[in-house]
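Participant: Okay, here's what each chain looks like letter by letter:
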Amino acid sequence: GENVEQHPSTLSVQEGDSAVIKCTYSDSASNYFPWYKQELGKGPQLIIDIRSNVGEKKDQRIAVTLNKTAKHFSLHITETQPEDSAVYFCAAYNNNDMRFGAGTRLTVKP
Amino acid sequence: DSGVTQTPKHLITATGQRVTLRCSPRSGDLSVYWYQQSLDQGLQFLIQYYNGEERAKGNILERFSAQQFPDLHSELNLSSLELGDSALYFCASSSTTGWNSPLHFGNGTRLTVT
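If you're matching them up, the sequences are chains A and B in order.
Quick note on our numbering: the first sequence kicks off at 546 and runs consecutively.
Quick note on our numbering: the second sequence kicks off at 1461 and runs consecutively.
If you're looking for bench data, these hints aren't it; they were derived computationally from the structure.
Fair warning: this is a prediction, and the values are worked out from it, not measured in the lab.
Treat the hints with care, as some may be off.
What the hints assert, rightly or not - In silico lysine-lysine, DSSO-like type, Cα no more than 27 Å apart, as pairs: (1) Lys-603/A / Lys-654/A; (2) Lys-654/A / Lys-567/A; (3) Lys-567/A / Lys-582/A; (4) Lys-654/A / Lys-613/A; (5) Lys-1469/B / Lys-616/A; (6) Lys-567/A / Lys-616/A; (7) Lys-1469/B / Lys-582/A; (8) Lys-654/A / Lys-582/A; (9) Lys-603/A / Lys-613/A; (10) Lys-587/A / Lys-602/A; (11) Lys-582/A / Lys-1517/B; (12) Lys-1517/B / Lys-587/A; (13) Lys-613/A / Lys-587/A; (14) Lys-587/A / Lys-1469/B; (15) Lys-616/A / Lys-654/A.
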């Protein structure tokens, strides 16, 4: 089955700086890669996703890149704000099996 | 607001007891997924239902069971509870049978077993 590794487990940045979270997956047949943001006391919420036929996708300050050859994908947040502080999860989907990474706790210091 | 409703928000019970967690999916969604999130742990998939039928099974213990009713709401039953079952339990819904479309999560039920 699919195995997803996520790094780093914690990340602290200064407000206005960029943050990058990386994930690797094991099954080359995986074709859908969502990212979820979980704020304290809430459930995970989808913030961006990418499919295997696309190399990059951007939505305002958030972007995701996918390297199918290397089997890794990354979340990029630019101009970070304190409200970006949360736990971020990556995931990879393949053949009716979705695996989540262990999560990254992002702290944005004002 | 994801549109997924979970009740209760908090549940405190003793070891050996049985509890039922309830989930109402987003309007129009036929799939319901249950996840367990322990302290500082990731999301562990338990089970999925689609339009009333079990679709996929993850790391769900035999002491746990679930069902999806004709009105599409779902219940997760946890029995013979142990201290280690203390966790956040999330329900998610989607419009398709598989995970290749966005999941919409509820805000979870926090279960504490004492």
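Participant: Now tell me if each hint is right for this structure.
Facilitator: Evaluation of the provided hints:
A C-alpha spacing of about 24 Å is found between Lys-603/A and Lys-654/A, which places the hinted pair at or below 27 Å, so the restraint holds. Of the supplied pair hints, the one linking Lys-654/A and Lys-567/A holds, its CA atoms being roughly 21 Å apart against a limit of 27 Å. Annotation: proposed proximity of Lys-567/A to Lys-582/A holds, straight-line Cα distance about 14 Å (limit 27 Å). A hinted pair counts as satisfied when its Cα atoms are at most 27 Å apart, and Lys-654/A with Lys-613/A does not qualify at roughly 33 Å.
Distance check on the hinted pair: Lys-1469/B and Lys-616/A sit about 38 Å apart at the alpha-carbon level, beyond 27 Å; violated. Restraint check: the Cα-Cα separation between Lys-567/A and Lys-616/A comes to about 11 Å, which is no more than 27 Å; the hinted pair holds. This hinted pair checks out: Lys-1469/B and Lys-582/A have alpha carbons roughly 20 Å apart, not beyond 27 Å. Proposed proximity of Lys-654/A and Lys-582/A is supported: the alpha carbons are some 18 Å apart, at most 27 Å.
Using a Cα cut-off of 27 Å, the hinted pair Lys-603/A and Lys-613/A holds, with the two alpha carbons roughly 18 Å apart. About 26 Å separates the Cα atoms of Lys-587/A and Lys-602/A, which keeps this hinted pair within 27 Å; it holds. For the hint pairing Lys-582/A with Lys-1517/B, the CA-to-CA distance comes to about 24 Å; that is within 27 Å, so the pair holds. Note on Lys-1517/B and Lys-587/A: the hinted pairing holds, with a Cα-Cα distance of about 24 Å set against a maximum of 27 Å.
For a cut-off of 27 Å, the pair hint linking Lys-613/A to Lys-587/A is broken: about 32 Å separates their Cα positions. Between Lys-587/A and Lys-1469/B the CA atoms are separated by roughly 11 Å; this keeps the pair inside 27 Å, and the hint holds. For the suggested pair Lys-616/A and Lys-654/A, the alpha carbons sit about 31 Å apart, so the restraint of at most 27 Å is broken.
Checked against the numbered hints given earlier, the structure breaks hints 4, 5, 13, 15 and satisfies all the rest.
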